[in-house]
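*Asks:* Take a look at the letters that make up each chain.
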Amino acid sequence: MKKEEHIMGKIEPAIPFPNSRFVHQQTLKRGRAIRSDQIAGQEIQETVGEIRLDDPRLSCRDVSVFYGDKQALRGINLDIGRHEVFAMIGPSGCGKSTFLRCFNRMNDTISNCRVTGTIMMDGRDINHNETDPVSLRVRVGMVFQKPNPFPKSIWENVAFGPRIHHLAKTKEGLHEIVVKSLQQAGLWDEVKDRLHQAGLGLSGGQQQRLCIARTIAIHPEVILMDEPCSALDPIATGKIEELINTLRKDYTICIVTHSMQQASRISDRTAYFHLGNLVEVGETKKIFINPLHPLTEDYITGRLG
Amino acid sequence: MTGTERDKLCPLLFIMQITLIIFSILLALSVAAYFFGCRRAVAIAQGNIRNLHSLPEHYGFYAAIWCGLPALLVLGLWTVFETPIMTHLVVSELPRTFQELEPGRLNLVINDIKNMANGIIVSEETDPNLLAAADRYRSLQSMGQAALAVVVLTLALGCGSVALYLIRAKQRARNRVETIVKGLLFVCSCIAILATIGIVLSVVFESIRFFKLVPVSDFLFGLKWSPQTAIRVDQVGGSGAFGAVPLFVGTLLISLIAMVVSVPVGLMSAIYLSEYASRSFRAVAKPLLEILAGIPTVVYGFFAAIMVAPFIRDTGSRFGFDVASESALAAGLVMGIMIIPFVSSLSDDVINAVPQSLRDGSYALGATQSETIQRVVIPAALPGIVSGILLAVSRAVGETMIVVMAAGLSANLTLNPFETVTTVTVQIVTLLTGDQEFDSAKTLAAFALGLLLFTVTLILNVIALYIVRKYREEYE
Amino acid sequence: MNKQLKKRYAADLRFRIYGMSAVAMSLLFLLLLFVSIIGKGYTAFQQTALLLDVYIDSETIDPEGTRDRAVLSSADFGAVIKQAMQKIFPEVSDRRDKRALYRLVSSGAEFKLRDQVLAHPEQIGKTLPIWVPADGDVDMLMKGSIARDASETDRPLKDKQIAWIDHLISEGRLKKQWNTTFFSAGDSRDPELAGIGGALAGSLLTLFVTLLLSFPIGVAAAVYLERFAPRNRWTDLIEVNINNLAAVPSIVFGLLGLAVFINLFGLPRSAPIVGGLVLSLMTLPTIIIAGRASLKSVPPSIYEAALAIGASQMQAVMHHVLPMAMPGIMTGTIIGMARALGETAPLLMIGMVAFIVDIPGGIFDSSTVLPVQIFLWADSPERGFMERTAAAIMVLLLFLIVMNATAVILRKRFEGHR
Amino acid sequence: MKIIKLLVLVLTVSSFAIGAVPAQAARDHISIVGSSTVYPFATVVVERFGKTTSFKTPKVESTGSGGGFKLFCAGVGVGHPDITNASRRIKKSEYEKCQKNGVREIVEVKIGYDGIAIANSKKAAKFSLELRDLFLALAKNVPDPKGGEQLIENPYKTWKEVNPKLPNQKIEVLGPPPTSGTRDAFAELALEGGCKTFKWIAAMKKKDKKAYKRLCHTIREDGAYIEAGENDNLIVQKLQANSNALGVFGFSFLDQNLDKVQGSSIKGVKPRFESIADGSYPISRPLYFYVKKAHINVIPGMKEYLSEFTSEKAWGDEGYLADRGLIPMPKMERRKFLSDVKGLKALKM
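Protein chains in written order, with my numbering: chain C, 1 to 305; chain G, 1001 to 1476; chain P, 2001 to 2418; chain F, 3001 to 3349.
Same shape as in the complex, but just chain C:
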């Protein structure tokens, strides 16, 4: 019944996050929203590198995530800029996916998951109880590790988002959005003749691009990608990376990846996570050429991980 925990998760419009207000006040009371070094009595390394940005799109302060009693993330502080591709790397279980899921509150769907700290998006707290997760997710799209097209036609897959959000008044308008999204996702040429065939009939890479098309069809500001290429072969991976390259001019993209090469190829900035801590943040080139933290260095050189 491990699935049950997922399904059981609730989106409660009235009280979007039971703990957020409390945490929020606590942070305010303490007067400093930047860093707490000691949480739960554990020794925390300071994050190395440049955390802050001017005019960030997303800004996290003191973000911790708990699964039941287990703490998965410890006091993360991080800014993510506009129109940048931000990569998160680290060994398995370091919390990078969990962190990613905080940005569109996907963690709400897991019943025993608790998020503390503040994540501001364009200056507004996304965990605030007036922030609605549904409208948040319109602004923050997400692509998952395994391609998960709905068991519907390609057209329906892309039209799903615009339709529930009433982005188009007419069927023609909807079709326009679908076509544009597919074009943007670089899938149009491959599927234009079979728009009404099942999305599940596409190849893995195509499916993943379909999921990206589905995401950009609702015009998000941020796209979260959770290891989008891990289930794909190198050719399909190359296509996705190309796509990310073209998308960066319109969107902020956060990508979690296991592949350091991928991170170095596509990202502007990179963060290295280790056992729930954010160890180092910096420009990708810097991180890969000259890591400051010994842990980062160990990981990048392959001694760890």
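Simulated from the structure, these hints should not be mistaken for laboratory data. Note that the structure is predicted; figures quoted are calculated from it, not measured. Heads up, the beta-carbon is just placed ideally off N, CA and C, and yes, glycines get one too. Be careful, since some hints might not be right.
To be verified - In silico contact screen, one side only, chain G against chain F (beta carbon under 10 Å); selected entries:
| hint | residue |
| --- | --- |
| 1 | E1100 |
| 2 | E1102 |
| 3 | L1106 |
| 4 | N1107 |
| 5 | N1115 |
| 6 | A1241 |
| 7 | G1243 |
| 8 | A1309 |
| 9 | A1324 |
Let chain C serve as the given structure and place chains G, P and F on it in line with the hints.
*Replies:* Below, chains G, P and F without anything else, positioned relative to chain C:
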């Protein structure tokens, strides 16, 4: 019971006990064979089991099977054929006058003899011939039992000792034992096929006889059902119309009402329990719902006939409807309640089988929970749900007790839920419980209806299973 | 945008409410069913008894004074009971009135008295206070099922009789007692003497046959199909067959039983052996399917581990896989048995609907089963049978709930272990 | 050790199973089939018989008179019933069938009388019917209401159309199916009785007996007459629920359910114990059971069952059967049948 009667009963009890004793001895011998087999195997191996091909216990089982199985077979055959053989022997010794009796009378005489042998003397003046026959019967029986005991036990001992004697270190005892066991398992798994064949044969032959009397087309497309052929020559019966369409329509009407109740309620319950409800609520509510499925249909029938039907009638007449006391509505409604858990647990399974990634994908696009369920989860689970509903329909069509108790007998060709209709199953029951003889069109019609019912549910099941299989393939 | 969102949330809430009300509705049905049946049936667990001071007149029952059991057991105890009633109401002299008076006592009273006298012949010639069952109508009046204020023609008891009953109540001769007859007796035409003992024994015998046949065969078939069967057409056929058999209407199994077991094999009608055979064919698919699911859920690593240390296929299955799957198989079996216990329709086909008083002692004796008894009683006109039907349903449901609860607990524990 | 435990278990279980199997399948109880009208009386006797004697209680199945004869006449032998109850006399055709199948000697026992009541719910208006009304309302073909000697398919929809004195109510009669003796008797006494009141039809009897019978005994099949199964109890319950319907069933059921249903008077006579006993109620018929003589010394308890049924305490004026609604025969008739039973006088037709 007087003392003498008890004395006369003794042989019977004694005989019963003998079979039991033989059986017990046989089992004991097998157990002994098992131990001897084990021990002998160990002895042959000179204490080192590694010298053996199989484990000692396999040799034990091997010996036990040889000891028990042939003897058991003989015992079984004897119990089956004992009575006919004995009877034949006794009858052949009866005076000619008895032997020349027609079979029915002879059968009575035999019953008398058996009763006498059991110590039940019916008539005051008993025929000495019969008394002698009864004595003969009894003595034959005890002789037979004695012979049986000797044969069975000798067989067991003989086969057992040969098997024991033949134990060798390199004997592939395990393989042999396992082949026998595997054979037994295979035979067991074939019983399902036997059952199906039995069903088909038992309805097909009678149906063919029925269709000789009533043409198939009349049966399948006739609009009038009135199975009252006269059962005697000089009785003036009805016309004896065997058009089954009113029955189909009635069955469908009641099933439809049942589905109208059970599909929405069952589906929504499943959705609520699997998607919304808290773990603890689910843990309580699900077994409670399953109780609804476990309640015997005769209880639903009672509930429908005694409580629901009068209630519907009264309510209907309050609003100016003319509701029959056995309206299709009452039976359908209660049948619907019965089917709710059926629909809900099947839907629950398929909804749970929808991968979480689809839900995540939908949430990530900013869908609310209900939108996710309605637009992603349900469409994804639809084939499974449809097949579940088909199974529920086949259940509704075959349901008997509720309709027997709450629906009527008059075969009205109507779609009005307030009127009385009758169903295929009701007719089967009434046709067969009224008059059990096997040659009138009336009883044969029941078998034709049974064949029809079997075919329809079979088709529904096959379609449902096909959908499920295809659907599984899609996700695996 | 905001307005639209509100609308969407409202739709979400609505959907949720639909779901909740669906569950609530189902549970409400369940509650309604239970409440109405318990409400109708609980009274049957009590029975009105009548205290009579019976003078066991040796003139009437044993004029020759032999004290022979045969004489005593066929003696006219009815007359003795009538005398006792007459003694309480000496003023009743009219023949019609007398008959009306005697009707207040159940016809079972004389048998109760007879058994008592047979057990203690020394009581002959003495006056014996004895509680005998009152007539069903008296019982109904005491329980309030017959309205006293209805007009005389509208109720089975006449005004005079009610007056006598009131007199008996005031003397403390009428009292409601725990109804042991209901559990011990077989069927009867008199509601006050009818019990579920015979049906219960029939049900147990039938279930015994069912279990004896379907459990070993079902487990063997499941093991074979899940672990040994080669993938070929024959196996496919068996599988399809089992799945179909699970959904064949139960009444069709009844037709099978009638045609094959009764007409072909010549087994006796109305006997638990035939019922058990039919029901075991019905239960078999349930057990096989549950067994296979349970065997499948045993991690393959265990099987492989057993093979790796040199066990044969058979040993690996019998020693490791089967024991681990056993709780699941048992759960399936219990559920199958519960279904068999509640099954009625196929048993109607094989003649288990008959008036049978004697409690069956073996699987070849004529008998009915609990659900069929319910069916028979549900069609009986006497009011007393209505409450007895409901009470029999309560007993049946109790059995089923206990069985299902066992299955649920077993499943829970099974899941907990893994 | 496990194996030993298992074996012990197998041993006990199978010994239990074998112990339950009788060594041979001889029948030691009486098997009774037949009319649903006689069923309540037979079961009472059966129950008494089982309680007062050392014999096993007979098994009674309610199959309807016709079905009963069919089973009864199928042959002699333990596979066939010993006794069949009937709510009418055995017909010549049935008797011949019995003879043909080797059931040669049959003992006929008349047990008393039963009226056929036509009743409806107490909540509804009371009916007062003539036999002619019944015929016109229920026959399949009736004389043309416009006059003349031709027949038309029954056009009547309401009772008022049949007879202006009757209530304006849809004709809806619940009655037994053709296998039942109640139905036979009802057709013979009520419908034929009404049928005969048309002079030209009565004249037909002499010319074409078959056509006459077909006309007078055939019940309409257009839904006005509803076959409610063999179970008369069920009809009572259905009447209670449906106040528009009339029901046809034995008087004993009316007697037992006077608080629920009311009997319609026929030809001005109410269905009462007394009126049936003295013969003034027009639709009353004798009840019988038939015994296979060949079985009498073979099946245990047959003689004793017969003497129980024919004892004064059972079928007498104050016997327990009278309490159940059976109308006793006059004393002389009882004596005659008692001596028939004692002498096992075989029926001759």
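*Asks:* When the hints from earlier in the document are held up against this structure, which numbers fail?
*Replies:* 1 and 7
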